Amino acid sequence: MNGPHDLGGQMGFGPVSPEANEPYFHAEWEKRALGITLSCGAFGAWSIDESRHARECIHPANYLSASYYEIWIRALEVLLERHDFASRSEVAEGHARMQAAQPKRILTADKVAAVLAKGGPCDRPVESAPLFSVGQRVRTINEHPAHHTRLPRYARDKVGIVEAVQGSFVFPDDNAHGKGENPQWVYTVVFDGQEIWGMGSEPGLTVSVDAWESYLEPV
Amino acid sequence: MEARVRALETVLTQKGLIDPAAIDAIVETYETKVGPRNGAHVVARAWVDADFADWLKRDATAAIASLGFTGRQGEHMRAVFNTGDTHNLVVCTLCSCYPWSVLGLPPVWYKAPAYRSRAVMDPRGVLAEFDVVLPETTKIRVWDSTAELRYLVIPQRPEGTDDMDVEQLMHLVTRDSMIGTGLALSPSARQK
Chain A
1 MNGPHDLGGQ MGFGPVSPEA NEPYFHAEWE KRALGITLSC GAFGAWSIDE SRHARECIHP
61 ANYLSASYYE IWIRALEVLL ERHDFASRSE VAEGHARMQA AQPKRILTAD KVAAVLAKGG
121 PCDRPVESAP LFSVGQRVRT INEHPAHHTR LPRYARDKVG IVEAVQGSFV FPDDNAHGKG
181 ENPQWVYTVV FDGQEIWGMG SEPGLTVSVD AWESYLEPV
Chain B
1 MEARVRALET VLTQKGLIDP AAIDAIVETY ETKVGPRNGA HVVARAWVDA DFADWLKRDA
61 TAAIASLGFT GRQGEHMRAV FNTGDTHNLV VCTLCSCYPW SVLGLPPVWY KAPAYRSRAV
121 MDPRGVLAEF DVVLPETTKI RVWDSTAELR YLVIPQRPEG TDDMDVEQLM HLVTRDSMIG
181 TGLALSPSAR QK
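Protein chains in written order, with the UniProt record's numbering: chain A, 1 to 219; chain B, 1 to 192.
Rather than coming from a laboratory, the hints here were simulated on the basis of the structure. Predicted, not measured: the structure shown is a model, and the values here were computed from it. For glycine and all other residues, C-beta sits at the position ideal for the given N, C-alpha and C. A portion of the hints provided could be inaccurate.
[Unchecked claim] Listed below are the simulated DSSO-like cross-link pairs for lysine-lysine, each with C-alpha atoms no more than 30 Å apart in a straight line:
{"hint": "1", "chain 1": "B", "residue 1": "K111", "chain 2": "A", "residue 2": "K118"}
{"hint": "2", "chain 1": "B", "residue 1": "K15", "chain 2": "A", "residue 2": "K111"}
{"hint": "3", "chain 1": "A", "residue 1": "K104", "chain 2": "B", "residue 2": "K57"}
{"hint": "4", "chain 1": "A", "residue 1": "K179", "chain 2": "B", "residue 2": "K111"}
{"hint": "5", "chain 1": "B", "residue 1": "K139", "chain 2": "A", "residue 2": "K118"}
{"hint": "6", "chain 1": "B", "residue 1": "K139", "chain 2": "A", "residue 2": "K111"}
{"hint": "7", "chain 1": "A", "residue 1": "K158", "chain 2": "B", "residue 2": "K33"}
{"hint": "8", "chain 1": "A", "residue 1": "K158", "chain 2": "B", "residue 2": "K111"}
[Stated by the list, open to error] What follows is a list of derived Cβ distance ranges for each label pair:
{"hint": "9", "chain 1": "A", "residue 1": "A129", "chain 2": "B", "residue 2": "F52", "range": "28 to 36 Å"}
{"hint": "10", "chain 1": "A", "residue 1": "Y24", "chain 2": "B", "residue 2": "P20", "range": "46 to 54 Å"}
{"hint": "11", "chain 1": "B", "residue 1": "G160", "chain 2": "A", "residue 2": "P60", "range": "28 to 36 Å"}
{"hint": "12", "chain 1": "B", "residue 1": "S66", "chain 2": "A", "residue 2": "H177", "range": "43 to 51 Å"}
{"hint": "13", "chain 1": "B", "residue 1": "T83", "chain 2": "A", "residue 2": "M11", "range": "29 to 37 Å"}
{"hint": "14", "chain 1": "A", "residue 1": "N21", "chain 2": "B", "residue 2": "P20", "range": "24 to 32 Å"}
{"hint": "15", "chain 1": "A", "residue 1": "E19", "chain 2": "B", "residue 2": "E136", "range": "48 to 56 Å"}
{"hint": "16", "chain 1": "A", "residue 1": "S133", "chain 2": "B", "residue 2": "E2", "range": "49 to 57 Å"}
{"hint": "17", "chain 1": "A", "residue 1": "H177", "chain 2": "B", "residue 2": "D51", "range": "42 to 50 Å"}
{"hint": "18", "chain 1": "B", "residue 1": "T137", "chain 2": "A", "residue 2": "V134", "range": "37 to 45 Å"}
{"hint": "19", "chain 1": "A", "residue 1": "M11", "chain 2": "B", "residue 2": "T86", "range": "35 to 43 Å"}
{"hint": "20", "chain 1": "A", "residue 1": "V134", "chain 2": "B", "residue 2": "L134", "range": "23 to 31 Å"}
{"hint": "21", "chain 1": "A", "residue 1": "F13", "chain 2": "B", "residue 2": "F52", "range": "36 to 44 Å"}
{"hint": "22", "chain 1": "A", "residue 1": "H177", "chain 2": "B", "residue 2": "A189", "range": "44 to 52 Å"}
Could you put together the complete structure from these sequences and hints?
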């Protein structure tokens, strides 16, 4: 979707303003937000793709004014209601009233180290050989789907070179919407700066994206 | 947000869905165990060990795992090496993808619109805000982390460090140098 999250090439946000000696957290609630988000992810009720899409669906005015932990919490509330773990009204009141769905897993303190060390690999085997090869010229598709996708707007309908075949991975456009993992080959495609930004591009700039096979067409 | 998050934790705890002690353990992990020292170890090792550097180029996930750094948001690692003529810069324009297993939690600016919008279009302008000015002849390569690959920049080894060991070299490797918004410190800059 062409949501507020798709920020590459947008203007008007001002300087980056890195903070010297930045702490890991700027408030106690950020610590809890991190831990709650990871704990709920461990339920196994939704994928990382579904959670990314929930964040993208936050209203643009809210998304762009929120800190990232606030974005996480706003999206988490939606996911918890969608999957029958907690309603918005329960969260608003701060009191449990309804029976929750049964999660596949509950993350207890003793399991944290093992779960974080294991992570959640997203590579999956596919039966077919890659359609594209290293060095090949490809064009990204010009599509504007209403659903989740990982091809940024600035990199649509652009010609680039396949620099690497990175393996086969869960296809987020389907997986975000409960349509299965449907893995595809993923390629690193590199674009000349001018192809994306035109004559005003910085000299010598190249930009790459990691693109699923169905984002690409032969040139 | 303080009250909102507290209410959320209360409801989920009442339902037995989350364990507050697990949250403490997660926070402790990212405050004390998993941070940019992991990545600095990888970089310093690559500087002193050509075989390790070669392994990093071919299979960064395995090479990094051999040092004990695995896990969440580091499942599929790629290492990209700065050279005399190319400087690498990593961004996630679509969300906040970041190699947690080697760099820990991302800084606020990495997740914020100013960096995500401009890194792909105006990288030299962004670098200037980090006090990094590269020669005009240096080509900039921006990596937008749009899939599940997580990128670690291997900065160039500073001059005057030939007699330093891995432990000493690690102190020259900053978090930003492994994102591409910084360079490794020179030994004299480190002492200042």
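- Broken hints, numbered, in rising order? The structure conflicts with hints 3, 5, 6, 7, 10, 11, 12, 15, 18, 19, although it agrees with all the remaining ones.
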